[in-house]
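Undergrad: Residue numbers (the numbering used here), protein chains in the order written: chain D, 1 to 190; chain E, 1001 to 1245; chain C, 2001 to 2273; chain L, 3001 to 3787.
No lab work stands behind these hints: they were computed from the structure.
Nothing here was measured: the structure is a model prediction, and the numbers come from that model.
Some hints could be false.
[Said to hold, decoys possible] Sample of chain C residues facing chain L (criterion: CB under 8 Å; computed from the structure):
| hint | residue |
| --- | --- |
| 1 | M2021 |
| 2 | F2037 |
| 3 | L2067 |
| 4 | T2163 |
Think of the CB as a built atom: it goes at the ideal place given N, C-alpha and C, for glycine as much as any other residue.
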Amino acid sequence: MVEINLNRRQFLKLSGATAVTLAVVELGFNEKKAHASTKEFKIAKSTVTPTICCFCGVGCGILVHTKDNTVVYTEGDPDNPINEGKLCSKGTTIRQLYTSEKRIKKPLYRAPGSNKWEEKEWEWMYETIAKRTKETRDKTFVVSEDGMTVNKTEAIASLGGAALDNEETYLLSKMMRGLGVTYLEHQARI
Amino acid sequence: MSKPQKSNVKVRRFSKAFVWAHGINAISFFALYITALPMYTEFFDWLYPVLGGPEGARLLHRIFAVAFVTPTFIWVIFDFPGFKRWMKELVTWKKRDIDFFKEVAKELFGFKFKHVRQSFFNAGEKINSFIQIFTAILIIASGIPMWFPEFFPAAVVQWGYFFHNVGFGLAIAVVVGHIYLSVVHKHSSPGYTGVITGEVPAWWAKGHYTDWYDEEVAKGNFPDIDENGNPKKPTSPDSKKKKGA
Amino acid sequence: MATEYVKFVDVTKCDGCRACMVACKNWNDLPAEQQDFLGSAQSHAKTTADTWNVLQYIEHENSKGKLDYLFRHSACFHCTDAACEKVCPENAISYTDFGTVVIDHEKCVGCGYCVNNCPFEVISLKEYVDKNGDKYRKAHKCTMCTDRLEEGLQPACVTTCHTGAMEFGDKAAMIKKAEERVKQIKDRYPNAMVYNPKGVGGTHTVYVLAEKPSVYGLPENPKVPTSAVLWKDYAQPLGKMMIGATTMGVIGMFISSRIINKGKQDEGGDSHE
Amino acid sequence: MTNSWNDVQYTDCALIMGANPAENHPISFRWLTKAKENGGKIVSVDPRYTRTSAMSDIYASLRSGTDIPFMGGMIKYALDNNLYHKEYVAKYTNASFIVKDSYKFEDGLFSGYNAEKRAYDKTQWAIEKDAEGKPVKDFTLEHPRSVFQLMKKHYSRYDVDTVVKITGTPEDDLLKVYEAFCATGKVGKAGTIMYAMGTTQHTVGTQNVRAFAIIQLLLGNVGVPGGGINAMRGESNVQGSTDFGLLYGNLTGYLNAPTSTDKLNATLAGHLEKETPKTGYWSNKPKFIVSLLKAWYGPNATPENEFAYQYLPKGNKNYSHINLFKAMYDGKLEGAFLFGTNPVVGGPNAGKEKEALSNLKWLVAVDLWETETSAFWQKEAGSDPGKINTEVFLLPACSSYEKEGSVSNSARWMQYRWQAIKPLGESKADLEIIHELATKIKALYKNESGPAAAPINALYWNYGEGHHPDIDLVCKEINGYDVNTGKLIAGFGNLKDDGSTCSGNWIYCGFYPEEGKNRAKNRDKKDTGMSLYLNWSYAWPMNRRILYNRASCDPSGVPYNKEKAVVWYDAAKGKWTGVDIPDFVATRKPGDAGFEDPFIMMNDGVGGVFAPTLNDGPFPEHYEPYESPAKNPFSSQEINPTIQLFDGKFNERGFKADYPIVATTYRVSEHWQSGTMTRNQEWLSELVPHMYIEISEELAKEKGIKNKDKVIVSSARGEVKAYAMVTKRFKPHTIDGKKVHQIGMPWHFGYKGFATGDTANRLTPHIGDANTTIPEYKAFLCDVRRA
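Isolated chain D (complex conformation) (with noise of 0.2 Å):
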């Protein structure tokens, strides 16, 4: 799990607000609430994770505040050097990555011809897929060309990988190379 020491009092002090912090002790405001605060602090009794940003290549670090099982706020990680918890628009959207309503939540599949899309189970579309790979990859795979040995199938294409995690690509780029697919393809080149 994270080996960060991240509790919460750090994580205050850690957002610059220092100053504000002591003379908020000295002022005594818990007698005193502002009337805008009738709930508890939102980040109260959240758990904070650090990540890094989804998004473009500055891997600007985000910390998030999950609680009751779901994500409550992101917010830049003031530990990470590159953005000193600072964000973007985008950065410091991806709480939405979660919440929005549009998330597929289960395997969809599209039969030839249908107009519509049908829930699976994953266990179908795994077996699935990997029989069409098969189907098509036994059908045109070529072991040798001109007498050299190609082990290649040129009839699949493996397109994108940009945002997946190293791990993720790594295992991507050495499934594909095993199947000898040779249209291999992500982002950088668009």
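For this one, chain D is given, so just place chains E, C and L on it according to the hints.
TA: Chains E, C and L in isolation, oriented as in the chain D frame:
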């Protein structure tokens, strides 16, 4: 009571149109007043639940605001002569109007007083009318930008709040007095009935609006009456006099 | 009061990324609003009940005839002398010890007085529908994340600003910084100025503007509307007094006439029944 | 990036060209703002006055597709005015090398051109070698065939008058840029060039970058803090995914994928011979290749079977994006896997890419959302579902913080992301999806033998028993370990070519040097000097933060700028030291061979002013975009003579007569790439909800278009509807005396999500760069009219 009984003879003082206009005006005014109170000062916040919350109060206030604008039109359309007379009276000021105030002050505090001869409206009513007209215009004119701020420059809306407030304060002050006189003040109470039925006791009309009464008598509309309101001679058949209940 | 804090916005450092807009929505859980195309990069014409700060984008031809692409984070100014607070009939708007101006939604009745009296037009009403399907309204605006201030955190918008265009700190220090910054950038922006209008007693959002306030659609000399001052400081107390006085007068008349009349047994004047 | 984001603050001048970091890499402006505060200048060169331009000290406009004239003029300016860093140029670059006399340049063509093949015989540009095979040099740089003199001659044609005639840049602005940036040629000064797709997405994209490289070498700006050539990556892990070989031509770590076009590749030995240079760090290549084969094929890779080399697929052509879709369009592809990509919005000539999809038998899309691509068969996409027989499998992936793993940013920092929450609904990590698919496919082949089964059966797939693979095992395999003892390898210097070590990606070898020490997870935020943060995450190679940092010191090893020193030679200790990890052999002493050669990854140890390996010439030369409104003033070669042409319906070409307006595409802050990730989020959709084009007041007036009007943009490929944003930030250019208009538009939109709009890429052409085949999104022709 040792005094002789007053006569039941009534004369028509107000047209139906005026009665309606006045009624609508009065009711909507009070409705506006009540619905505005909690907005005027948080002292009256307890009224919100009664009025259906701020939204209910706001809605009612707007409904009555429309109602409040209608009486003038009712009067003008259905009793133009009455309206014209009112206007004429308002611009007619004589010494008797000044004298009226001297006596009224005495009366209000229970001192001995005498009736100064007045025409259709006494000087007090005329003053009341003036202030009411003024405040009504103020309130209505300022209320429009408050209601539709999106169509007015901010400054107009902002001044609207001020004038609405001023109008409100003035109107309340005048209305409180007006009502006191009509409802509570016993010397004026026939006027209160009059503004609801349109008819008042002849003796009361003669006492309070002597000039007007005499004028109507001269025209043959009203019976000539004695102190106690009993006719001095038979009235003409086409008079508007009616038998009281 | 101990230290007074202000949000210092140096628009000449802003690069218009709009993180402040999203950070605000994220922290305050504000929903998105469908927006029309406005003909520029700007998303909202002005702040709304669900969008408490708006990044302005202004293409301005400067005095040298060159194009300046100006940005401004616009939000509630948190005036020291706040018109909204003055006109609120419910005392729902108040000052906190941080100098921020906040709306208590328990008290707000949605009358909109604050909306129409704010010299900066930053307050808006939001319509809600309750359980019974009835509609009601509440006024909304930036809170300067007062809930965060109470916990020792800075406002969400300031926390996320990456160019340092926004800072939150001690009022005197921030104003000094602003003044120094204006000196630095006078060559580049001859009309640069500190915007901390005195007409509203100074604000708790202090700007360094690159241009005259009017370029940003800001009033040059904003103040609590005179109408609001007359209304709240004169007309309303007077009105209350008048209601009181009239009421007292009527009661006085009633009582006095009763007493005198009782004594005189209807001797004076005509008796009317 | 050769340097890092934080390093930008040390620059004396940042030239931002072909990029708009204020809008597309906003946090970079945290450091650019610091640079400004430190007295640095920011220069923005862009056809459009962007938010980056607004933040800059100097702005210069140019017509899209004229970067080489702009930079060529700067090279000439630096040379003419003696502003280049003389020692650096002489010692650290190949400017002193003598080129064979077969090298010629005439009317836009270098020697060795074959018009039929549209290719050069590059041997004609070779460097003269001495008996030992070392380059012949002239440190005086005066030899007429020295690279320096050839360069000088080449760019003598790029005089200011000709440059402004073709770029449309106001001369004043042009000279201001030249002056400001060339000032960094002074010893001890640093200038950085920050670029992105505005540079690369041209038919001369690679040469645009080469032009940057040349000027940076001339000014001595490579390898120094505050300097470098910094490609700002558009995706969180486009760096990593490229490092890990998700492009057809590369295996992991930039090892070339073997092709069947070279007979040497028939055997591993031949392949190694072909790939391995005699000098430079790449001489260690066999260790990396064999270790990779050991990682992929495990125990099945033995010395006897050439470490399973033969199982690697060998291609024989260009398989890049455009060619891939051409093959699909021609019905040559049966199946495709898409991992978080949306070519129906993001691909060039996207209308055709969508059409091509219906030729697939099956399509697997792994995504968080339903994309325009996975839904290409729907009515809303303009398709007739009944006629499309493609089977589509849409697998729900989880977001980046619903799983764990590392990403590598532009600065090569490999940062770990921890799992914050369980995947939403039934969505899964791509790691698990890939693992399950591989496992299932392998299972189908388990009982088969035969030529097709052998490679897949030999693939070593051992990441634990569960459905979810053990990511730690994956990390260890990437780093590499001793296959006999399982001990992790401390760094790629320890890799072997005898099959005793494995390493899935040699450049990453060292990130996991010992058990329990995955350095991607390092979170010590202490500044270890010069804002390099050596203990925060891990940067390949070997945690070096500034590539070629040896070049920040003079030949004797003393930093050119002592205030901003990052590495230096410590005579007392007899080795290189500093606040960065020396990108050099640390033990090399004065007098040792190569002590004065800072570019260890280059075969000759020096920076390449002259690049005889590129397809379109050793020096950048201007050619007009595939679709251009102007004539090339430099030669009769209108377009890049070496680009691959795609004819017919797949790629209609437009000409000036019908489409007189230059168009370009770009991104906005609030949306990302094809918009899938952002148009499905409400807060971002709210900020930029509509497709629009930016158009100058002048063009708007000519066309009778008012701000906020709906307009139609048309190109030879298609039409899109959009709002018109009439702006002062676009100005027409005067090109060769004529007014040429340019418009621009974001390419994020499609019909799915909260923010919808027409797809700009329906307009863009299927034409690519001569080296990378990256599509020319940034300069094409169009017309505009009111809708």
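Undergrad: Looking at the structure, which of the earlier hints fail to hold?
TA: No numbers; nothing is violated.
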